[in-house]
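Place chain B on chain A using the hints.
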Amino acid sequence: MLNNFTYMVGGQQGSGVDTSANIFAKACGLAGLEIYGKREYHSNIKGMHSYFQLKVNSQPVRSLTSKVDLLASFDEETLAVHYDEVSTGGGVIYDPKTLDKKITSIPTLDKIVVNRLIKRLEAQGLNLTIESLIEECRRRGVHTYPLPYDEILTEISKKSEKKFSELARMINVLAVASSLALVELEITYIERAIKNVFRGKAKAVEENIEGAKIAYEYVKNHYSASFPYKLKSQPNGKRLLLTGNEAIALGKLVGGCRFQSYYPITPAADESIFLEARAIFRLNGKDEVGSIVVFQTEDELAALTSATGAGLAGARAATSTSGPGFSVMVEGLGWAGMNEVPVVVTLYQRGGPSTGLPTRHEQGDLRYALHAGHGEFPRIVIASGDIEEAFYDAAQAFNYAEKYQTVVIHLVDKALANSNQTVKLDPSIVRIERGNLLSEEDIVKVKSAGGEYKRFAYTPSGISPRVKLGTKGCVFWNSGDEHDELGHINENPENRVMMMDKRMSKLELADSEIPLGEKIKYFGSEDAKFKVVSWGSTKGAILDAIHHLSEEGIEIGFLQIKMLCPLPSNDISKILEDSKVIDVEMNYSGQLGGLITEKTGIKVSNYIVKYNGRPMFQDEVYQSLKDVVEGTAPKRRVLTLGA
Amino acid sequence: MALKLADFKEQIHNDWCPGCGDFGILSALQSALAELNLEPHQVAIFSGIGCSGKLPHFVKAYGIHTLHGRPLPYALGAKLANPNLEVIAVSGDGDGLGIGVSHFVHAGRRNVDVTYIVHDNGVYGLTKGQASPTLKLGVKTKAIPEPNINDAVNPIFLALAAGVTFIARGYAYDIKHLKDLLVKAIRHKGFAFIDVLQPCPTYNDVNTKAFYSGEDRLDPLTKKPRPRVYRLEDLGYDPVVRADMTKEQVMAKIYKVIELSLEWGDHIPIGVFYQNETMPTYEQRLEQRLRAYLSNPPANQRLNTPEGFSATDISEILQELSV
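Chains as they are written, first to last, in the numbering used here: chain A, 1 to 643; chain B, 1001 to 1323.
Next up, chain A with everything else stripped away, as it sits in the complex (with noise of 0.2 Å):
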């Protein structure tokens, strides 16, 4: 099997699970291979348990199969609760000096699981230990292939002359060179990514290139041809290793964001933490330094109020949440539709409610996002479905923003933050539209001509002609009441039912002027009789379970929504009607389906749902797709995939 793999590893959490991985997807990314992986992890900082599982290809990836090819262990707590997802003709990767340890005293070893391995194991009379699990991996065809850490660790201390105990966190740069040893990709890619991920630490590099090769040539001298699974380095272009939370962050940059507010969250932080990182950069070629302000504040709404702040002084500003913090930023949404600010929020969704599943994946918070806040105000809300969407949407968002003087409100999830996948981006064709914006000389004009700057001035479109604060020549107020074109407070009933109008009619604006492109997608055949609908990160799972139907002879299409207010409703409308709807959604009640419903009357006929804190996996989508057409399904089923 050649280029064709998926790879999980797994450990303790702060023993270096994230790294292996990503010297892992590196390796393959600089071989020119493609990767798609997700990071699934406790809300813990140390020792419960994590991993990592990353698809291989020659061609493009953007989701993950349930079954794994090869599972690289550090503990004993990941055979427990990944063995049996090792495909038949797959491998595991293990510490022979955990075969004897019991799987009721592993102490973070959640007891649904306990329970399920000691009916299981006793069904096979087998006792509960470790070893155990490796003999039913051999027993169903699983390569299993102790790794000696220790034995490795001590030749690599004789070596370095560092201690033992000292050396012990390179146990993931082991499992993982081991495992590129058994795919037998070269070890220069392993090399080269040891390199990036710890650049500007050479002595880091140094010990675990090192250590690297050790473990390498001994699983070349022990293993290696038994292996079925081989990854061949292959000529590609230069691509990018992302992120979502990487991509979003560039996206903003690039679409001009110059403020942004953060509160500290999982996982919308991370994306905050890389613009800090990268603060200072080249504008309008080499000469000007552009930098943005990121800008830690003690609660989220003062992330969205100052956020807001800016916007008003005219910069483009941002911040980034989870649905706990966009809770306590609700208020600020309706002052800055109120006063028709331009400010970005993005909402990465994970499981809720409260503080719910805080590192685990959902996509909970669309009706949330469309209804937060008391009255009524306009807002723009769109939802990216993979980390290339993530990249141009983020920059677009401003865009909208502007032009439209509200709220936008950017949907993307955790299984989207955390995930990692060899991209293409292109900054160059990023557009920067900054709306009916007066500057000095303009004010200068409307007051030469005899007119008076009203700042939010009765107009047909809707759209004031916005100034920035400390443009010179004129003043503007602004206020959460209710308030007349100067912006004064104002309570007369004409007044309001000409502002509210002026306000709301900005939605009918923006869809009449957003092309389609931007707000839908439709994928296959327009005579599907079968329809999935969908929007967020399920898209990738959803593709590649409808290209194997495909493949079969089933069509099914796939409409993928991404402005989900104002929603495209005629649009969806003729491309639905006279469709089998089946919706596909990372929350419970089908919140999408509903909002089509109601939008368009459109029913559905089937729900697929997921809420158990993982992401959907192509094959679990594919089985449940398949079912609908045949005939087999329930009107609504429950996916229940992932550990």
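EDC-like, lysine to aspartate or glutamate: derived pairs with alpha carbons at most 16 Å apart:
1) Lys1060/B with Glu452/A
2) Lys454/A with Glu1010/B
3) Lys580/A with Asp627/A
4) Lys238/A with Glu1316/B
5) Lys599/A with Glu508/A
6) Lys472/A with Asp1007/B
7) Lys599/A with Asp571/A
8) Lys472/A with Glu1039/B
9) Lys238/A with Glu1320/B
10) Lys574/A with Asp527/A
11) Lys97/A with Glu151/A
12) Lys626/A with Glu552/A
13) Lys286/A with Asp1313/B
14) Lys454/A with Glu440/A
15) Lys67/A with Asp619/A
16) Lys286/A with Glu1316/B
17) Lys1004/B with Glu1035/B
18) Lys163/A with Glu151/A
19) Lys529/A with Asp627/A
20) Lys472/A with Glu1086/B
21) Lys195/A with Glu206/A
22) Lys195/A with Glu1320/B
23) Lys424/A with Glu1320/B
Some but not every residue of chain B turned toward chain A, in silico, with C-beta under 8 Å:
24) Lys1060
25) Leu1067
26) Leu1076
27) Gly1077
28) Leu1290
29) Asn1304
30) Thr1312
31) Asp1313
These are calculated hints, taken from the structure and not from any lab test.
The beta-carbon is built from N, C-alpha and C at its ideal position, and this holds for glycine as well.
For chain B alone, kept in the frame of chain A given last:
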């Protein structure tokens, strides 16, 4: 041409109650802006909710009437986006020391160059006189059914603890003195806080104009009222912390501020309590980090090429992330 108070007057109806201390604060602020030779477009005034929240509407300057308790984060965002703006934030005591107190504390430790005025009258006026966070324990004003069950926060002491670098108290009916304080506060490089004692003629029948001016305690000889409010400068008090002071001298100054902040009753100090000229502003800290922050601040950066495409060059970052 020198500007006058009238140049900062916005001609709309003012709906504060007759005799309200807010009028004194408004007029002191307008005078201060004129004295500083600022033009209306250079000034942005942010307010919260309540009677004080209406103040920006009466000033001809950029006026941003925000949410209850939130004028500071809006003001800080605007100032950091454009450090050339003269930014002033206004709260009431409920707004700034109740619902929005966390923003006050955190503004202190940042030291952004913003002036913050708190109208301090001990009551929530616009909602008909409930006790505010500065009303003392056991005080019974006319709109509350029982004496205040909570003790009061001490705005001066709190400001000191939060790291505010300019701390003052004014009195709304001593307009010239308040104007002088505002001029100093606006000139101060860093976060400046002014607690303004301000009778609410409608709901606070305890801390009244008569109370502050001591009309209930006449001098036995002159038969004139003996005011409870006194000026710190009349005692020759020096509030300034300078770079050349020893640690002991600075500590002595801080202890003195604490002592003065606890004075109340028949002896209520107004004036500048504390002025620390040695602490770098947030903007200076940003300039050190971002190199061209002050010369090319966020609000002024040109974002697009003449053709309308992004002018931001991220090629170095992409290089770092490429495979």
